[in-house]
Every structure is written in C-alpha cells, then in structure tokens.
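Novice: Could you put the whole structure together from the sequences, leaning on the hints where they help?
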Amino acid sequence: MRLSLTLFCLLLFICPYGQTTVIKAKSYLDIRAGKLIVPAVLIIENGLIKEINPKTIPEGAAIIDLGSKTILPGLMDMHVHLEINLDPGYNFHPVTENASKRVLRAASNAKLTLMSGFTTVRNMGQTHPSRILIDVALSEASDKDWIEAPRIIPSGHMLSITGGHGDPAMHGGFSEGVMDLGPENGVADGVDEVIKATRYQIKYGARVIKIMATAGVFSLENTVGAQQFTYEEMKAIVDEARRHEVKVAAHAHGTEGIISAIHAGVASIEHGSILDDIAINLMKEKGVYLVPTTALMDLLADSYDKLDKRIVEKAKYVTALGRESHSKAFKLGVRVAMGTDAPLVPHGKNALEITAMVKRGMKPLEAIRASTINSADLLGIKDRGELKAGLLADIIAVEGNPLDQIEILEKVYFVMKGGKIYKHQH
1 MRLSLTLFCL
11 LLFICPYGQT
21 TVIKAKSYLD
31 IRAGKLIVPA
41 VLIIENGLIK
51 EINPKTIPEG
61 AAIIDLGSKT
71 ILPGLMDMHV
81 HLEINLDPGY
91 NFHPVTENAS
101 KRVLRAASNA
111 KLTLMSGFTT
121 VRNMGQTHPS
131 RILIDVALSE
141 ASDKDWIEAP
151 RIIPSGHMLS
161 ITGGHGDPAM
171 HGGFSEGVMD
181 LGPENGVADG
191 VDEVIKATRY
201 QIKYGARVIK
211 IMATAGVFSL
221 ENTVGAQQFT
231 YEEMKAIVDE
241 ARRHEVKVAA
251 HAHGTEGIIS
261 AIHAGVASIE
271 HGSILDDIAI
281 NLMKEKGVYL
291 VPTTALMDLL
301 ADSYDKLDKR
311 IVEKAKYVTA
321 LGRESHSKAF
331 KLGVRVAMGT
341 DAPLVPHGKN
351 ALEITAMVKR
361 GMKPLEAIRA
371 STINSADLLG
381 IKDRGELKAG
391 LLADIIAVEG
401 NPLDQIEILE
411 KVYFVMKGGK
421 IYKHQH
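Using the working numbering, read the sequence shown as starting at 1 and increasing by one per residue.
None of these hints come from the bench; they were simulated from the model.
Every residue gets a Cβ at the ideal spot worked out from N, C-alpha and C, and that includes glycine.
For lysine-lysine, the following PhoX-like pairs were computed, each having C-alpha atoms within a straight-line distance of at most 20 Å:
#1 K349 <-> K359
#2 K420 <-> K388
#3 K196 <-> K235
#4 K420 <-> K24
#5 K203 <-> K247
#6 K50 <-> K388
#7 K50 <-> K24
#8 K423 <-> K26
#9 K388 <-> K55
#10 K331 <-> K363
#11 K316 <-> K306
#12 K235 <-> K286
#13 K423 <-> K411
#14 K363 <-> K328
#15 K26 <-> K388
#16 K420 <-> K144
#17 K24 <-> K35
#18 K411 <-> K349
#19 K24 <-> K388
#20 K196 <-> K247
#21 K420 <-> K50
#22 K382 <-> K50
#23 K284 <-> K331
#24 K411 <-> K26
#25 K111 <-> K423
#26 K411 <-> K111
Derived CB-CB ranges, DEER-like:
#27 H244 <-> G47: 22 to 30 Å
#28 D276 <-> Q425: 40 to 48 Å
#29 K309 <-> L332: 32 to 40 Å
Specialist: Have a look at this one:
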C-alpha cells in the first residue's frame with residue numbers, strides 16, 4: 001500500500017493535501033548552524049515541514065528517497081524581470097510588444113526559474129507601459145497553482161522620473177508627445193505625482209515598490225550613475241509605501257543616489273555599483289540590504305560586441321567599479337540578499353549569481369544565506385528560508401556538499417514548493 005501511494009504521488013507530482021510525505025536523503029543543510037546534518041528525514045504535511053529527523057515515520061506516509069542527495073531550503077532571487085528576454089543585441093522591446101506576449105513569456109520564464117531551484121522571487125519592475133500589472137497577475141496565477149512558478153513578490157511598474165531609466169519611452173526613440181506616460185505607468189515627477197504612482201501600484205497588488213534612484217546602463221541617458229529622483233521624492237515614496245506596510249527597493253549605481261536613497265529609508269539597494277566608504281558604512285548602520293546582481297558584470301563583459309555603442313562605455317564603467325564595490329561591501333559586512341537581474345543572467349541559470357558572489361569574496365555559506373534567510377528577512381517574511389518545523393515545504397536537493405563546492409547549486413535534481421513536487425531527477 002505504501003509503495004503504491006508513493007508511486008501515485010510521484011506520477012502526479014503531488015501528494016493529496018493532508019497526505020503525509022516523507023523525504024529522505026543523505027543530509028540536509030542547517031542554514032543557521034552552517035553545517036550538513038546526517039541523515040535527512042523530513043516529514044511534510046499540508047504543505048509545511050512538520051518534523052525533521054523524527055524517531056518514527058508515520059504509518060501510511062508516501063516515501064520519497066533522494067538517496068545520496070543534499071537537501072536545502074528553496075532558493076530565493078530578489079531581482080528578476082520575468083516578462084523580459086533579451087535578443088542577441090540585448091534589446092528587450094518594452095514598447096513594441098503587446099502585454100499578452102509578455103504574460104506568456106513571463107509564465108515560461110517563471111517555470112525555468114522554479115525548475116532551477118528558486119521557489120521565491122521578487123519581480124523588480126514592469127517595463128511594459130500597459131497599466132495592466134503583469135507580475136501581479138502572474139503572482140496570483142502562481143498562488144492558485146494555475147502555472148508552474150515560484151512564489152512571486154510583485155512590484156507593478158517601477159517608478160521613474162520622466163526620461164529616466166524606468167521610463168519605457170526612453171527605450172523606443174519616440175518623438176515628443178508620442179508616448180508621454182504618467183503615474184499609473186510609474187512615470188512621475190514631484191512629490192504629489194510619486195505618491196500617486198506609489199498608491200496606484202499598491203492599489204492593484206504590488207507588494208514591493210521599486211524606484212529608479214539613478215540612471216542606468218541600458219537606457220539612453222548619457223551617464224549611468226547620476227541621481228534621478230530627488231531625496232524629497234524618494235522620501236515621499238518610502239513614507240507612502242510604509243503606510244501600506246510595503247518596502248521600497250532602489251535601483252542605484254551612483255554613490256550620490258545610493259546615499260540619498262538610504263537616507264530616504266529604502267530597504268535595499270539594487271546593483272550598488274559605485275559604493276564608497278560613506279555609503280557602505282551608512283548601509284551597515286541602517287541595516288540596508290545590498291542586492292548586488294554581480295554575475296551580470298562578468299556576463300556583460302563577454303558581450304560588449306553585441307551592445308549598442310551608446311551603452312558599451314557605460315557598461316564598461318559599471319562592471320569595473322561594480323566588481324570592486326561588491327567585494328569591498330562583502331568584506332566589510334554589508335547585509336546581502338541574492339539577486340540576478342534576470343534575464344541579464346539567463347532565466348533558469350539564476351544560481352550563477354551565487355557562484356559569482358563567492359568569486360567576489362563571499363564564503364559559500366554566506367552566499368547560500370544571502371539566497372535564503374537573508375532574502376526572507378529582506379521580504380519581511382518568516383515562513384520560509386530554512387528547513388524548520390512549521391515553515392513552508394519549499395525544498396530542493398543537489399548532489400554533493402555546496403559548502404565545499406558552490407557550483408553544485410547550478411544543477412538541482414529535486415524541487416518541492418508547498419509540499420508539491422515539481423521536479424524529481426535521479
């Protein structure tokens with residue numbers, strides 16, 4: 001009977017809600033203790049971890065034997081753009097595709113992300129000008145199990161100044177008056193407009209707000225690091241979001257914009273390419289997270305011949321300083337949460353960022369914590385990020401010890417989200 005039930009569950013990739021499932025493996029990683037525990041026996045019930053290494057296994061439970069594998073909590077990526085793929089020239093066509101295509105692509109990329117072991121992601125800003133919030137819909141579809149996808153924290157439209165890094169019209173080469181967007185699309189100027197833009201995203205389901213504190217690489221501003229939103233605008237956004245218990249993340253390359261965003265009260269700095277001692281110390285003092293997106297700096301360096309000439313010089317400037325800034329921030333103990341900026345790191349290859357963080361000087365355990373408990377802390381949620389009784393059964397398995405060889409995380413053999421099996425390779 002037990003064997004039949006086990007086979008039934010595996011064939012359907014799901015065990016009935018309420019059915020007890022037992023996962024066995026060689027070991028599991030205790031994130032907080034920082035070591036592998038042998039053996040690994042996890043009791044799963046109603047989508048939660050009920051018990052670890054119990055004295056007895058419940059009668060009638062479905063058994064999943066992962067053999068020599070190592071079990072970890074599901075990984076988290078705090079900076080993805082699920083709706084975007086890049087063409088060979090690194091263009092992402094924000095204004096030449098309809099929203100329907102973007103939704104379908106986002107669902108496909110979400111599945112790739114889940115199958116690579118990432119069970120929670122934070123989608124960092126819609127680039128399409130439609131007022132339809134694509135990632136909010138995608139988040140709901142994931143929660144209702146309509147699609148195979150991670151748990152998605154949506155942000156709606158990123159907030160940008162007119163003509164700023166997050167203004168979709170900046171990528172289209174439009175003449176004046178052709179595509180003048182407003183707060184509902186995330187394009188806002190002045191305190192009143194940014195408050196309205198923030199309220200609009202939250203009204204329609206955003207659970208984090210992303211702001212463009214500085215210029216960027218792939219839009220057509222002349223500089224990559226110049227501050228765009230003023231301090232007063234950023235403070236208004238943070239204050240309004242806080243009233244709704246929503247955190248704010250700031251895209252920021254340049255030091256001036258980074259420091260202004262920190263003083264305004266953001267929860268995280270995305271990219272943080274040009275960090276000086278003042279910015280690093282301020283981040284440590286206020287507990288602001290760095291989401292470094294550091295792997296893309298290596299990938300971009302291999303792709304300069306594919307980029308628009310207007311972008312190449314900015315990319316070269318940022319990648320050189322970014323590697324140095326990230327290594328310094330890691331060494332000095334800035335709080336770090338993992339983020340890829342996918343598709344700049346390809347969807348489904350998200351673990352390349354974890355490897356890159358180790359390359360920049362992190363210890364493997366620190367990089368894994370950045371991808372689990374630190375990310376959960378940044379999100380302000382306590383139901384995931386580690387293997388512990390009472391938490392969500394978001395579980396992955398790899399072959400070997402990632403504390404010795406971090407690249408192991410780039411090949412995941414088993415993925416469970418909320419007690420449901422999405423991937424099981426032998």
